[in-house]
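These are the residues of each chain, in order.
There are 2 protein chains.
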Amino acid sequence: MQDSNDPLARYRDLFHLPDGVIYLDGNSLGAMVKTAPERIDHAVRQQWASDLITSWNKAGWWQLPVTLGAKIAPLIGAATDSVVVTDSTSINIYKALHAALALRPDRSVIVAEQTSFPTDLYMTEGAMADRPKLQRRLIGEAGQGVDAALDENVAVVLLSHVDYRSGALLDMAAITQKVHAAGAIMIWDLCHSAGVIPIELDAANVDFAVGCTYKYLNGGPGAPAFIYANQRHHNHIKQPLSGWWAHAEPFAFKPDFKATGGIRAFLCGTQPILSMTALDAALDAFEGIDMQAVRNKSKALTSLFVDLVLESCGKYGVELFSPKDAAQRGSQVSFTHPNGYAIMQALIARGVIGDFRQPNIIRFGFSPLYLSFEDVRNAAKTLFDILASGEWDRPEYSQGGAVT
Amino acid sequence: MQDSNDPLARYRDLFHLPDGVIYLDGNSLGAMVKTAPERIDHAVRQQWASDLITSWNKAGWWQLPVTLGAKIAPLIGAATDSVVVTDSTSINIYKALHAALALRPDRSVIVAEQTSFPTDLYMTEGAMADRPKLQRRLIGEAGQGVDAALDENVAVVLLSHVDYRSGALLDMAAITQKVHAAGAIMIWDLCHSAGVIPIELDAANVDFAVGCTYKYLNGGPGAPAFIYANQRHHNHIKQPLSGWWAHAEPFAFKPDFKATGGIRAFLCGTQPILSMTALDAALDAFEGIDMQAVRNKSKALTSLFVDLVLESCGKYGVELFSPKDAAQRGSQVSFTHPNGYAIMQALIARGVIGDFRQPNIIRFGFSPLYLSFEDVRNAAKTLFDILASGEWDRPEYSQGGAVT
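Residue numbers (numbering that gives the first Met the number 0), protein chains in the order written: chain A, 0 to 403; chain B, 0 to 403.
Check each hint, because a few of them may be wrong.
When chains are identical, the list treats them as one kind, so a pair holds in a single copy or across two.
[Claimed, not checked] Computed cross-link-like contacts, DSSO-like style, restricted to lysine-lysine with a CA-CA straight-line distance of at most 30 Å:
1) 57 with 380
2) 57 with 70
3) 314 with 33
4) 57 with 33
5) 323 with 177
6) 253 with 177
7) 70 with 314
8) 380 with 177
9) 253 with 323
Just so you know, these hints were derived from the structure itself, not from any lab.
Put together the whole structure using the sequences plus the hints.
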């Protein structure tokens, strides 16, 4: 595929991209849609400053977790009323773990990945803190060993759909089926797949899923996360962060908690409206989008980058850390190099922005909505220039300075 | 006190107040400081759109929970490094309850108020969900019966500093002392006192406190909440929402959770930066403020309103629900009336904005930073007009319509 026959080329103009920058870090913080500043300014000056508390109803603030969830739902193959936007990914993992454990009270094992994004593991520790009978069974990278880990003691399996370091993409449907065959509950972490991969949560019969909105969904810094529950669980969601937003009658101010039915049972307290407004604008860019077209472009972008970099930079010690087969890879490419940190600093200094992950990984995210094939070629060329010239070997690029 | 000798009169100009409105609902959603739109726009267009991920360091995003906490600290009598802004009040109550219970592992009772804002109670239910040995002991309104509730089984006492319905103000120092004498941990909910009452958490030796930032602190809709821990607990904070922001080495991406020391142990996941930016602007209005002057004006405003309303409206069935003595009252006045709902709707239609709480309470909050004594007189006069004319008795003001 080339830019001239890219069916998504028109999306690029929806985004603000700084001059002189090739932004390959949309898997950390997505770029801003051009409509965001005005939308936020309206929420600030009109809805907050002028309309004040009436905006909880008039501007739909109270419903934002549900209305934003409904905009995310089609991107992840979920029924409209099966997703809410609320709190952070970490907190939603905690809720999903508790909801899963409540569905399997006679089982005692949580299966998770040793190399998942660490907060997933930390939240399993938190969920286990008050339940001495629970145990954790850690499996290898990208779901390796999940089969062997499954037995009649497993209550819940928590896996990342796309690995945050390598970009490895798991087979959601097949793994979910195995987990169910073992009688366990399946939770998917979609942080690195939502917005770039066609996901079919309902079709795969997934139980719960959580994900981030500020990466490929472009919701802005720290925008609240989303959480999904399969409709068959909607009247059985039990989670301990039982705040008033999850109450069946939140404005009756009753002293006893009575969970509402449906996905709102995953809500807790008052949500950050201004940050949600940015997300609202960002999600509008996805309206009616063909996620298969997004995936096709994503695979083409990452494959081009892999090919160009291996061809030109392999001799300088750059090795592919991501799966070679695009079908097994998310929208991200990672390489290793002993001087990865300095190389990434040199790239950033040249306006090619990716990031570095310990111990030696340089990581590049490809957002198909705002990246072109020319960007990819230029980024690969810049990486080659830096390696060929030895430009990365400068004191200011050495590790030990500020974290990027 | 009158407007002509109000030492805080100059603060009013810092806020945007809609024309024709007397805003007596700052205890629900505080008014906007005039600097907020530009500050937020800068965060959106410059920090997010142009500087992208570099803003996590360059713009101080990563530190915002701590820097905002340090701005709140002097308003609540806390050491600078004893407060963070993060997550919601409900979630922070959950954390504080767990941290308290971890300090009293051999005790089994949580004491809370039957009529506190319900989410406080709901979160005690959540905290108890996985611990069958825990019990809850409910006491009466505004801390009544706390003495009788204290015994050697009590692990933690959770009380509201100011009651959300009546505005009753509790004696923080005296109650904390009693709770400590019984060997229990004290948590204060400061949602309705932070920003309007001089609070001395450290001096009162309080263990933990939580509070809202979008009421009297004017942080904007759903701005994240704050949580305080006394310095003596800083190296013993155990709470199950153990996300990566609370890790001792968050960027080492280690698989095992190791809590950081200090107040950051109450953090969890990524925070909504745009909403925090609004709060940042709002807190700057409090820089160097004399909280005793705020309290003096608050007492004078609420006392004037009580006197005017009782004098002119008592004959129409309006009764004072708040404490009569200003010293025992927060910055809020509540009355009861059988037709409270309709009366509040009529007031709002006339531009006097308060709110209604079941079953028959009309509630008025007084933010001393942006309200004048003239506002108070005009509001009381409008209430009188509505009652004297019977204007409230219109179909459009009857209950059953949309919730305000």
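Q) Which of the numbered hints above does this structure break? A) 3, 7, 8
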